[in-house]
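A.B. asks: Whenever a hint applies, use it, and build me the whole structure from the sequences.
First to last, the protein sequences are chains A and B. Counting in our numbering, the first sequence runs from 171 upward without gaps. Counting in our numbering, the second sequence runs from 171 upward without gaps.
Don't take every hint at face value.
[To be verified] Cut-off 16 Å, straight-line C-alpha distance, at most; resulting in silico cross-link-like pairs (EDC-like, lysine to aspartate or glutamate):
| no. | chain 1 | residue 1 | chain 2 | residue 2 |
| --- | --- | --- | --- | --- |
| 1 | B | K399 | B | E371 |
| 2 | B | K367 | A | E381 |
| 3 | B | K367 | A | E378 |
Think of the hints as simulated: they come from the structure by calculation, not from any bench.
Number of protein chains: 2
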Amino acid sequence: MMIDSPKKVAEILKEQNNILILVHAHPDGDTLGCGFSLCRSLISMGKKARVSCSDPIPSKYGYLFNDIEETAFEPEFIVAVDVADTKLLGKENEEFYGNRVDLCIDHHGSNRLYAKRTYLDANAAAACEILLQVIKELGVEITKETADCIYTGLSTDTGCFRYSNVTPRTMIMGAEMIEKGASHSDINTVMFDTKTKSYLELQRLCLEGLEMHFNGKCSLITVTQDMFKKSGSDESECDAIASLSRQVEGVVIGATLRERADGSFKVSLRTHAPVDASAICGKMNGGGHPRAAGCQLTGTLEEAKATLLKNIEEYLK
Amino acid sequence: MMIDSPKKVAEILKEQNNILILVHAHPDGDTLGCGFSLCRSLISMGKKARVSCSDPIPSKYGYLFNDIEETAFEPEFIVAVDVADTKLLGKENEEFYGNRVDLCIDHHGSNRLYAKRTYLDANAAAACEILLQVIKELGVEITKETADCIYTGLSTDTGCFRYSNVTPRTMIMGAEMIEKGASHSDINTVMFDTKTKSYLELQRLCLEGLEMHFNGKCSLITVTQDMFKKSGSDESECDAIASLSRQVEGVVIGATLRERADGSFKVSLRTHAPVDASAICGKMNGGGHPRAAGCQLTGTLEEAKATLLKNIEEYLK
Chain A
171 MMIDSPKKVA
181 EILKEQNNIL
191 ILVHAHPDGD
201 TLGCGFSLCR
211 SLISMGKKAR
221 VSCSDPIPSK
231 YGYLFNDIEE
241 TAFEPEFIVA
251 VDVADTKLLG
261 KENEEFYGNR
271 VDLCIDHHGS
281 NRLYAKRTYL
291 DANAAAACEI
301 LLQVIKELGV
311 EITKETADCI
321 YTGLSTDTGC
331 FRYSNVTPRT
341 MIMGAEMIEK
351 GASHSDINTV
361 MFDTKTKSYL
371 ELQRLCLEGL
381 EMHFNGKCSL
391 ITVTQDMFKK
401 SGSDESECDA
411 IASLSRQVEG
421 VVIGATLRER
431 ADGSFKVSLR
441 THAPVDASAI
451 CGKMNGGGHP
461 RAAGCQLTGT
471 LEEAKATLLK
481 NIEEYLK
Chain B
171 MMIDSPKKVA
181 EILKEQNNIL
191 ILVHAHPDGD
201 TLGCGFSLCR
211 SLISMGKKAR
221 VSCSDPIPSK
231 YGYLFNDIEE
241 TAFEPEFIVA
251 VDVADTKLLG
261 KENEEFYGNR
271 VDLCIDHHGS
281 NRLYAKRTYL
291 DANAAAACEI
301 LLQVIKELGV
311 EITKETADCI
321 YTGLSTDTGC
331 FRYSNVTPRT
341 MIMGAEMIEK
351 GASHSDINTV
361 MFDTKTKSYL
371 ELQRLCLEGL
381 EMHFNGKCSL
391 ITVTQDMFKK
401 SGSDESECDA
411 IASLSRQVEG
421 VVIGATLRER
431 ADGSFKVSLR
441 THAPVDASAI
451 CGKMNGGGHP
461 RAAGCQLTGT
471 LEEAKATLLK
481 NIEEYLK
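C.D. replies: Laid out in C-alpha cells, this is it:
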C-alpha cells in the first residue's frame, strides 16, 4: 500500500514501539543518515529503536551513531530506509526480515514495493530529504546530531550539491541543517576530500593505462587484479575510478573495464548527456541509468575490450 | 567611505550611466559572475555597461557573457567587483583605472579600501552573495542568465558548497538561483568535473613522486619543469595539485614544491585545522591564510626540500 504524505508516515510511526530500522548493504551516507536520524528521533520520543545493517559500517560514518546508546529489544515494527529491493538488504537482513518489512521510506523510482506500506518520493535527491519531512511531522527537536545525519545524506547523494538531482528543496534543507548546527565542512572533508594512499596509487596506475578512442569522445580505463595487488586497493574504491573516466575533457563516454577475481570483466559506463549509457550496456545484456550503467563481459582482456569498443562505436554512429 | 547596505549600493548605481565594471586578473567564477550579473542587470535598466578584465577570460566561462551585446561608451562610473586591491586588477586596468574606482563591492576582509566608496561583507562566502542582494535592490528581473552568473560565483568560491565559508544564506541563494533556471548541474560539470588530459598526466607524474613524512602527517609533492614539459601542462594547473596534497588520508600538512622557470621554488602549503599554514610559511618569509599559504625557496631541489621539511618538523613539535 502506498502512503501519500510524510505526515501519514509520522502518524504510523507515532503508534509503534521497538522499531528496527534497516539500511541497505554496502551502506552509504544517505541510507545511514536516514537510519540514524530516524533512530535518534524515535529514541527522543521515548521509544526503543535501533539500526541494523548486514555489512559493517565504515568507520568514517562513526559520527552518525557513536553516541547513541543501544538498548536490547525484540523488534515489533520494521522500517527500511533508502532500500529499493529486499535483495539490497544484504544476505543476513534479507533472510531475517525481507518478507516482513512494515514500512519502507525511499526515493528510488525502481522501488519493488516489497513492504506492507511504502512512502516513495522519486523527486527527492536523497532519501534524507524525505526523512527530514517525516521527522518534522514527528514534532521532535532537530538536534545537531540529527542535522549531521540529514546533511550527510543530502550531501553524499548529490556529490555535495553538484548533480542534476539537486532541487531548490535540497539546497534549502542543506541550509536548515547548517542552521541547526551540522558540521557541514568537516563532513564534506571526510566524504569528498580524503583519499587513501592505496586509492591514489590505483588512480596513478589507471592513468598510466588511460586510452582515448573515437577522436577523444571516449576514454577507457582498465583495472586489473594485478593493479589491485600493486596498489593495495580493492574493488570498493573503483566507483571513483569510474567517475574519473568521464571527467576527461571532451569525453562523453567514460568506460572502465575491471577484471574480477574469477577472470571475467565488469564494465562501468559513465556518460554526459545526451549519451545513453544504459542503451549501450543494454546491447551487452546489462543496464542501469542514462548516465551510469554497467554490464559483464567474459573472454580475454583484449576480447572484452574489443566487444566494448565495438558497441560504443556503433552507438556513436 | 564605507557603504552600509546593498540598498545604498543600488541607490548609487541607479543614478549612474556608462558604467565600467572591473573584475580581477586571472579571473575566476566569482569575479566574473559578479561582473556579468551586474552588467546584465544595468543593461536591463536601459543603462550602458560593460565588463573589463586585464587578462583573457577562459573559454569555459563563455556562457556568462556570450549573448551580451556590447555598445561603445566612454566610462563615467567605475565599479570593481571581488577585487581586494588595485594590484589584483592586473597591469592594464590598474594603470588606467586603479586610482579612479568609484565603487568597490567585495567580500575580502583584506580589502585595501582603494575605492571612493566600498561595500564590504566579509561574511559572504562569495562576492556573488552580495551582488544578488544588490540586484534585488535594483528591482530588476533575475533572468536565467543572471541566475547562471550568480550560481557560478556561489558554487566556485565554495568548492560547490563544500567549504567552511558556506552559510545557510549561501545555500538559500543557491536554491533561489536554481529556481530562477540556473543550469546548475551543467555549470558544476564544467567547473568541477572536467579535467584536461595534460592535467591528468601531470597528476600521474606527481603521484609517482609523492612522498610521505612524519608518520604520514605530511605529504610532499614535487613538480618540476621537466614534468610540465612531459605532461604538456603548465603552472595554471598547479592549484589542483596543491589541493591534492592535502587530500591524502591522515595528512594534516600537504606540501607542494614547484620548480619555477628561473630554477627557484614555489612552496604551497594546504593544511587541515588546527595546523597553521601561514605560521609555517612565515618562518620562510612567506605568508597567507591559516589553511593555505605559500613562500619562495632558492637553492637546489634537495636544499629547498630540506628547508621545507625542517620547518614543518619544527612546527609539528
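A.B. asks: Is K367/B within 16 Å of E381/A, Cα to Cα?
C.D. replies: OK: K367/B and E381/A at ~11 Å, within 16 Å.
A.B. asks: For a C-alpha distance cap of 16 Å, please report whether K367/B and E378/A respect it.
C.D. replies: Between K367/B and E378/A the Cα gap is close to 12 Å, so the pair holds against 16 Å.
A.B. asks: Given the hint that K399/B pairs with E371/B, does the C-alpha gap stay at or below 16 Å?
C.D. replies: 11 Å, holds
The structure meets every hint from the earlier list without exception.
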